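Spelled out, the chains give:
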Amino acid sequence: MSEATGTQREAADRRILTYLGERWSGFFLIFLLIVFSFVGKNFFAVKNFSNILYFATIYLLLAGGETFVIITGGIDLSVGFVMGLVMVVAAIIMRDMYAAGIPDVYCMLAGSAAGLVVGVFPGLINGLLVARLRVPPFIATLGMYGVANGLTLNLCKGFPIYFVPPRVEKIGNSFVAYFLPGRGFTFFHRPPDMTADDLRNLIGIVPVTLLVTAIVLVVFAFILIRTKFGRHTFAIGGSMDAAIRSGINVPRHLVKIYILSSMFAAVAGVLYVFRAGIGHFTTISASYELFAIASVVIGGASLMGGKGSVGRTVIGVLILNVLENGLNITGLPTFYRYIATGLILIAAVFIDQLTPERRVRSV
Amino acid sequence: MSDTVALKGKQAGGWLGRNWALLFLLIETVAFIVLGSRFYSLENLQNILVACTWVLLLGVGETFVIITGGIDLSVGFVMGFSTVICAKFIVLLRGIGLPMPVSLAAGALICLTVGLIPGFVNGLLVARLKVPPFLATFGMYGIAYGVAEIICRNTPIIAPKGTGYIGNEYFFYIVPGKLFSFLVRPQNLSRLELRSMITLVPIITVVAFLIVGIFGFVLRRTRFGRHTYAVGGSVDAASRAGINVPRHLTFVYMISSFFASLAGVLFVLRYVTGTADAGSSLMLDAVVSVVIGGASLYGGRGTVKGTILGALIIAVLETGMVNLSIPTFNRYIAIGGILILAVLIDQFFPELMTRGQ
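Chains A and B, in that order, give the protein sequences.
Under the working numbering, the first residue of the first sequence is numbered 3, with each subsequent residue one higher.
Under the working numbering, the first residue of the second sequence is numbered 41, with each subsequent residue one higher.
Mixed in with the good hints there might be a few duds.
Here are the simulated distance ranges between beta carbons [claimed, not checked]:
no., chain 1, residue 1, chain 2, residue 2, range
1, B, Leu384, A, Asp243, 19 to 29 Å
2, A, Leu334, B, Leu66, 12 to 22 Å
3, A, Lys230, B, Leu85, 58 to 68 Å
4, A, Met242, B, Asp276, 19 to 29 Å
5, A, Lys159, B, Leu240, 27 to 37 Å
Here chain A is said to cover these stretches of chain B; the calculated rule only asks that three of the stretch's residues, wherever they fall, bring their Cβ under 8 Å from a Cβ of chain A [claimed, not checked]:
no., region
6, 171–182
7, 186–195
8, 258–271
9, 364–376
If you're looking for bench data, these hints aren't it; they were derived computationally from the structure.
Everything numeric in this text was worked out from a predicted model, so none of it was measured.
Note that CB positions come from ideal geometry on N, CA and C, so glycine has one too.
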């Protein structure tokens with residue numbers, strides 16, 4: 003009798019530990035929010051949260067695509083440079099068309115479309131290398147990391163691309179809703195005839211770029227959880243052999259996954275052009291791939307594959323971005339975010355190892 | 041009869057599979073000699089030697105890690121971190137009035153010691169806490185870069201004058217028909233003589249090759265080396281055979297980190313600056329040189345000789361591109377391409393690739 007309660011209690015303990023091990027990222031995010039609200043001045047403000055989300059969009063997309071790859075047990079190191087390539091291509095086309103006197107709407111559409119089309123190819127090649135030629139994902143995408151970086155620098159000669167149509171930046175920096183204290187909300191455009199004072203008080207809520215990102219993420223989160231495509235993704239990550247035996251066309255699926263990751267990076271690139279108003283190449287020390295992979299791992303995915311979710315990846319991204327913003331607000335140099343990210347990444351893996359469920363599985 | 045032909049064919053194929061890197065290096069060199077101007081010259085040879093120093097050092101450290109079946113992504117930024125530490129300490133020591141040679145030596149020593157820390161931490165994480173190498177060293181990649189940027193406040197640290205003395209010296213100085221000097225730059229030369237002076241073998245390259253040679257010996261001939269292959273072959277078998285695997289892995293990651301900080305010290309001696317992204321592009325190069333050298337990412341295979349070949353391929357490519365005035369951006373494309381090519385050759389001639397152990 004007492005033995006039974008003992009094992010019951012043990013089981014309950016294990017459940018709690020497993021629960022904490024799997025959900026720690028959510029709690030950690032809340033913890034960070036609370037700490038920075040107390041420590042940082044003006045951290046707890048709608049404007050600042052809007053700001054955090056504004057800067058998080060790029061990482062949300064990169065990490066969203068990376069989630070799919072990591073669930074299959076692969077890795078995509080090329081996302082940052084694919085984003086840079088798309089950014090430069092899109093910006094060059096916008097600039098040149100605009101310089102040729104074509105109306106800015108067409109420039110934007112053509113530039114964005116070209117960027118997205120260009121974004122298919124790195125993923126296609128990565129996928130073919132990994133799935134058909136059995137190159138380890140790490141190597142295939144590291145090769146693409148070099149190739150995409152080289153192509154980008156060749157196109158832009160090491161300088162940002164300026165002179166895209168001015169409306170690009172306007173659209174990229176608009177918000178879904180504006181709130182002017184005392185005068186209420188307006189949607190998609192600023193309230194008319196504002197004074198300088200009003201401008202300062204104007205609060206933008208939900209950047210348009212975030213809206214686009216959120217739609218993409220929600221759609222793909224749904225695909226991952228509810229569709230055959232999603233189930234197959236998990237199946238491949240769980241066991242490649244089992245997936246093949248159960249009739250999944252694994253190589254084809256993997257190619258799609260790498261294209262997906264690359265397309266997410268392409269969308270990020272196009273949004274970045276809209277947000278920044280320039281086409282910026284990716285520097286190596288920007289380390290986008292570090293932040294993307296760290297976000298996915300902090301969200302509880304395993305590099306062995308078979309585990310991960312878009313929602314948790316979003317939490318991972320938010321942790322890193324809240325941290326960056328909070329560090330900035332408390333006056334620390336931005337470079338602390340690299341250290342913090344490295345530490346949290348390692349801690350995440352460590353916590354994952356500690357959870358009892360995982361320990362049982364690995365034995 | 042046809043059997044012997046087939047066998048010979050297979051042997052030839054086997055030779056090709058084992059030595060494609062050497063062949064590639066030869067073809068590449070010949071191509072640049074034909075296409076370039078003055079590529080085949082003593083002067084350019086010096087450029088190649090300097091260019092290969094950094095890749096070589098990081099690559100040899102990485103070789104040890106990859107043989108154990110791990111990966112060290114942090115090498116590039118650990119090198120950057122080391123350049124910052126080294127330059128900072130030289131500045132500091134000069135600042136308190138120590139003579140130049142002392143502050144150089146002390147700065148280099150401090151840097152090499154501090155440079156062991158990232159490797160130690162990586163090793164502990166991988167070996168004791170069972171963090172996958174990819175993630176442990178990726179975390180360190182971020183940490184090393186962040187710490188370096190904070191130390192140097194996002195601006196390159198310029199080391200004091202005279203730091204570059206050793207780094208820009210050569211082993212031999214020859215003024216044809218007149219003078220042959222060893223290690224010491226000849227003084228009081230006329231301008232004409234200066235122009236005709238031939239400088240041979242940069243000192244930093246000699247230092248690099250010396251240490252690479254020592255570690256090549258360690259890997260090939262000592263128990264430490266055999267254990268490294270054993271751990272890469274099978275961790276289980278290695279621990280059953282009585283190897284202290286966690287300890288060994290920690291040493292291996294420290295070696296990798298040592299090579300990165302050695303590269304950092306030599307970088308400061310050569311270019312007199314310390315910047316956090318000094319080695320940022322070298323992580324790719326290091327991994328590529330090891331993979332070209334025939335190592336397998338699954339562990340158990342790889343040689344220092346192969347990595348030297350890989351480093352030379354990259355260095356020749358780089359100098360060749362400069363020689364042909366192809367924009368240097370293309371090196372990333374070429375190196376990324378070579379990486380994939382190397383692995384594909386490895387995939388398609390598995391039975392031919394019985395090199396290494």
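Cross-check of the supplied hints:
1. Leu384(B) - Asp243(A): 19 to 29 Å: holds, 23 Å
2. Leu334(A) - Leu66(B): 12 to 22 Å: violated, 53 Å
3. Lys230(A) - Leu85(B): 58 to 68 Å: Holds, at about 60 Å.
4. Met242(A) - Asp276(B): 19 to 29 Å: Holds, since Met242(A) and Asp276(B) (Cβ atoms, about 22 Å apart) stay within the stated range.
5. Lys159(A) - Leu240(B): 27 to 37 Å: holds, 36 Å
6. 171–182: holds (count 10)
7. 186–195: With 6 residues closer than 8 Å to chain A, the region 186–195 of chain B meets the three-residue bar; holds.
8. 258–271: violated (count 0)
9. 364–376: It holds: at least three residues are needed, and the region 364–376 of chain B offers 9 whose Cβ sits within less than 8 Å of chain A.
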